[in-house]
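Chains as they are written, first to last, in this note's numbering: chain Z, 1 to 504; chain W, 1 to 361.
Because the hints were derived from the structure by calculation, they are not lab data. Any given hint could be a false lead.
[What the hints assert, rightly or not] Covered by chain W, per the in silico footprint, the following chain Z stretches (three or more residues, Cβ under 8 Å):
1) 323 to 336
2) 369 to 379
[What the hints assert, rightly or not] In silico SDA-like links for lysine to any residue, alpha-carbon gap of 25 Å or less:
3) Z:Lys176 / Z:Val434
4) W:Lys338 / Z:Pro322
5) Z:Lys400 / W:Glu167
6) Z:Lys400 / W:Ile319
7) W:Lys6 / W:Arg249
Note that the structure is predicted; figures quoted are calculated from it, not measured. For each residue, glycine too, the CB sits at the ideal point set by N, CA and C.
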Amino acid sequence: MAEKALLEMRNIDKVFPGVRALSNVDFTLHAGEIHSLMGENGAGKSTLVKVLTGVYQRDGGTITLQGKRISPRTPKEAQECGISTVYQEVNLCKNLTVAENIYIGREPRKYGFIDWKTINRRSEELLNGLGVNIDVTKTLDHYSVAVQQMIAIARAVDIEAKILILDEPTSSLDEKETERLFRIIRQLQKRGMGIIFISHFLEQIYDLCDHITVLRNGELVGAYEVARLPRLELIAKMVGKDLSEVAHMDDANDKSKPQEEMFIEANHVSQIGKLADVDLQIHKGEVVGFAGLLGSGRTETAELLFGVESITKGQLKVKGRPVKFGSPMSAMKERIAFCPEDRKTSGIIGDLSVRENIILAMQAKDGMMKHIPYKEQCKIADKYIDLLKIKVSDREQLIKNLSGGNQQKVIIARWLATQPELLILDEPTRGIDVGTKTEIEKLAIRLAKERGMSVVFISGEMDEMVRTCTKLIVMKDRRKVAELTGDQVSSDNVMRAIAGGETA
Amino acid sequence: MKEKLKAFSDSSLFLPVVALAVLLIFNALFVDGFMTIQLTEDGRLYGRLIDILNRSCSLVILSLGMTFVIATAGIDISVGAVVAISAAVVCSLIGGRGDGVAETPMFLAILAAIGVGVFCGIWNGLLVAKFKIQAMVATLILMTAGRGVAQLMTGGQIITVYYKPFEYISGVIPGNILPTNIFIALAMVLLVAFLMKKTSIGLFIQSVGINPTAARYAGINVTMVIFLVYAFSGLCAGVSGLIESSLIRAADANNAGLNMEMDAILAVALGGTLLSGGKFYIGGSVVGAITIQTLTTTMYALGVSSDQLPVVKAVAVIIICLIQSKKAQEMFAAWKEKRNQNNKAATQDPRKLVERMVKEA
Numbered sequence: 001m002a003e004k005a006l007l008e009m010r011n012i013d014k015v016f017p018g019v020r021a022l023s024n025v026d027f028t029l030h031a032g033e034i035h036s037l038m039g040e041n042g043a044g045k046s047t048l049v050k051v052l053t054g055v056y057q058r059d060g061g062t063i064t065l066q067g068k069r070i071s072p073r074t075p076k077e078a079q080e081c082g083i084s085t086v087y088q089e090v091n092l093c094k095n096l097t098v099a100e101n102i103y104i105g106r107e108p109r110k111y112g113f114i115d116w117k118t119i120n121r122r123s124e125e126l127l128n129g130l131g132v133n134i135d136v137t138k139t140l141d142h143y144s145v146a147v148q149q150m151i152a153i154a155r156a157v158d159i160e161a162k163i164l165i166l167d168e169p170t171s172s173l174d175e176k177e178t179e180r181l182f183r184i185i186r187q188l189q190k191r192g193m194g195i196i197f198i199s200h201f202l203e204q205i206y207d208l209c210d211h212i213t214v215l216r217n218g219e220l221v222g223a224y225e226v227a228r229l230p231r232l233e234l235i236a237k238m239v240g241k242d243l244s245e246v247a248h249m250d251d252a253n254d255k256s257k258p259q260e261e262m263f264i265e266a267n268h269v270s271q272i273g274k275l276a277d278v279d280l281q282i283h284k285g286e287v288v289g290f291a292g293l294l295g296s297g298r299t300e301t302a303e304l305l306f307g308v309e310s311i312t313k314g315q316l317k318v319k320g321r322p323v324k325f326g327s328p329m330s331a332m333k334e335r336i337a338f339c340p341e342d343r344k345t346s347g348i349i350g351d352l353s354v355r356e357n358i359i360l361a362m363q364a365k366d367g368m369m370k371h372i373p374y375k376e377q378c379k380i381a382d383k384y385i386d387l388l389k390i391k392v393s394d395r396e397q398l399i400k401n402l403s404g405g406n407q408q409k410v411i412i413a414r415w416l417a418t419q420p421e422l423l424i425l426d427e428p429t430r431g432i433d434v435g436t437k438t439e440i441e442k443l444a445i446r447l448a449k450e451r452g453m454s455v456v457f458i459s460g461e462m463d464e465m466v467r468t469c470t471k472l473i474v475m476k477d478r479r480k481v482a483e484l485t486g487d488q489v490s491s492d493n494v495m496r497a498i499a500g501g502e503t504a
Numbered sequence: 001m002k003e004k005l006k007a008f009s010d011s012s013l014f015l016p017v018v019a020l021a022v023l024l025i026f027n028a029l030f031v032d033g034f035m036t037i038q039l040t041e042d043g044r045l046y047g048r049l050i051d052i053l054n055r056s057c058s059l060v061i062l063s064l065g066m067t068f069v070i071a072t073a074g075i076d077i078s079v080g081a082v083v084a085i086s087a088a089v090v091c092s093l094i095g096g097r098g099d100g101v102a103e104t105p106m107f108l109a110i111l112a113a114i115g116v117g118v119f120c121g122i123w124n125g126l127l128v129a130k131f132k133i134q135a136m137v138a139t140l141i142l143m144t145a146g147r148g149v150a151q152l153m154t155g156g157q158i159i160t161v162y163y164k165p166f167e168y169i170s171g172v173i174p175g176n177i178l179p180t181n182i183f184i185a186l187a188m189v190l191l192v193a194f195l196m197k198k199t200s201i202g203l204f205i206q207s208v209g210i211n212p213t214a215a216r217y218a219g220i221n222v223t224m225v226i227f228l229v230y231a232f233s234g235l236c237a238g239v240s241g242l243i244e245s246s247l248i249r250a251a252d253a254n255n256a257g258l259n260m261e262m263d264a265i266l267a268v269a270l271g272g273t274l275l276s277g278g279k280f281y282i283g284g285s286v287v288g289a290i291t292i293q294t295l296t297t298t299m300y301a302l303g304v305s306s307d308q309l310p311v312v313k314a315v316a317v318i319i320i321c322l323i324q325s326k327k328a329q330e331m332f333a334a335w336k337e338k339r340n341q342n343n344k345a346a347t348q349d350p351r352k353l354v355e356r357m358v359k360e361a
């Protein structure tokens, strides 16, 4: 290319004990460009970003920023070079004010004291510039995750950034918020900033980015212009398969037929402030989707079914028998299993091994005194590692060292080991790669078909649920607004139900 | 053999054991008769090593309970005070009669002391697990109030017990060769080992310590697990109280178990369990407790007065903690590599080689 690159990474190597995370990877970013890093989980995207931001030290290769060699050793050094990062999980302090969060660590001073007036005024200006009008003297937890994300960006932008890295910034935003974020990103692009955008949402990447660099298994596949790379070809490059194989992935799955017998039903179930008057029936062998926007009550409904929260009004019946759930354990005894939405905070036990993570729920159900012998544990773990094709070096590997998709599989394995009759999957595919996504969708259908298991499938991606579910419960403002079955199951109908609040 | 050695040097027990070994070797070289163990006329073993074991029993037991508490990311700073309460209970029940007669049968007094220990643990457990009070604050209550309770029981006096069998708890029962408390500590360690091997409490404690939310979602009764570890810590403190009071044949509400909570926490930390909770190492804690007692005995043997002991202890602890620190290990490895490289560079570059030879000459 004619113009001089803003950032050039050449022949980057990074080795972890036993794994070659990056080998010989090149990456080029120009000023005023939005560049996406693509690849399956474990392909090396995060590692590359972490090498750039000084979280990890590279084992080989060079990084050149505006013609100067750099070797950031800490995130702070990277920031001083002009490389700012907004991580997937917002890493600000919830108990500090918005303004404090923006200026923490570099407070402007006056006569040696912190100049609060300037801080507050400048924070406000900065946020206004991004189209956010909020009270900057309130603490951060007053605002939604979306606004927090904007604040994180405001903080990054103010540090005279030349390069802004956004790691899955939209995974917890709804459509409107995403649009707003994109407007801001485009503004920054016009200022000549180089932006690295990492996301699993293909639509967003095609909407926003100019270039794509694809990684696979720690190696560079290639860098492409977005306009010249059709989506299917991109997916093929990411998973390393032929186009013809990938073409089938978007086909409607062969869905499971629900049986006559009812597994669980909820009558007028409410929980004060969280859920109002929800009715639902789930049959054996049925895959039910809870659709709706973030905060519409889909996770809350799932949590009621699993006894995480208790019901304040209404009734739950399992196989026609009224039940009361006071804790997850009481739901587990009715053979209900729940893979929670937030893998990191409520799913994995990071410092334990894959084996221990798999047998955990089973052991909890059996009770403390009925210890599963070590050999038996190994057998169970191996069985599910094999069944779900979990990529691990061995079963004693710590779960925190696995990629997101494999962690998710371990959590699913944990619940399959308890032999459930109802499996609730809350956002099982969030933040994981296309290949694993398809695998999990297919698994949900297979479990319903072959074992007669009831499955609840919750996802923010509508097409995914349309592919997988035979019934969709559409939620809005903590209420059920529609129930779609059979041919009615389509993204279009869900949208209409949410928009109109009536059955389509 | 080499593989076994490698496995051992990677294991969590390696550093605590090495620390203890260094101390023992130091003693063997500089303290006369440290390693000698003699058989006395009435058939018991006698010597400094036995003495160290005898004195470290109560700390070993305390650190067992403390290990579990710390593994759940909690802390129990009341154990020292509970030791005092337990001591007060057993001594005031047996009574300080000069004619050596027990006012209450000794086994009842022992049961009562242990029971009171468990009760204190339950109290802590309720505050922390049920009412979600921060562990440090919750156990601080008993830490400060506990000695007052002990004072009330003893009526502000030091009760000295003349009843002969009471000595046997931390002394040698005629016919045995080792003090009884060594067997008690051993039994407690075996009990814990059994629980680890045959129940899942260890897995649950680690899960709760690493990620309580995820543990709850996996169906673990987090409240119950936390409650149990504090109750167990209370039990351990109760047993320790018996041993401590038997060692001096008296209940001293002011000094029994004084600062022992700190030693117990230290023993756990030396054993490799992180204070942030999660993975825990029982074996490490036991060795850690014995190490601390060895250090104390060594210092006495070298003539360091008890007032100055904490300073020496602090220095030793800093050294041990540095050895265990990951960062320090990394720095050491980097330094070694650099030196190797310098040496290599020197041997490859003839001019430097000459320089070095001149220097060395």
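Comparing the hints with the structure gives:
Counting residues of the region 323 to 336 of chain Z whose beta carbon lies closer than 8 Å to any beta carbon of chain W gives 4, which meets the minimum of three for the stated coverage. Coverage of a stretch by a chain is defined here by at least three residues with a beta carbon nearer than 8 Å to that chain's beta carbons; for the region 369 to 379 of chain Z and chain W the count is 4, and the condition holds. Among the hinted pairs, Lys176 of chain Z with Val434 of chain Z is consistent with the structure: their alpha-carbon atoms are about 24 Å apart, no more than 25 Å. Proposed proximity of Lys338 of chain W and Pro322 of chain Z is contradicted: the alpha carbons are some 71 Å apart, above 25 Å.
For the hint linking Lys400 of chain Z to Glu167 of chain W, the alpha-carbon distance of about 52 Å lies beyond 25 Å, and the restraint is violated. Restraint check for Lys400 of chain Z and Ile319 of chain W: not satisfied, since their Cα atoms lie roughly 31 Å apart, outside the 25 Å limit. A threshold of 25 Å between alpha carbons decides the hint, and for Lys6 of chain W with Arg249 of chain W the separation of about 46 Å lies outside it, so the pair is violated.
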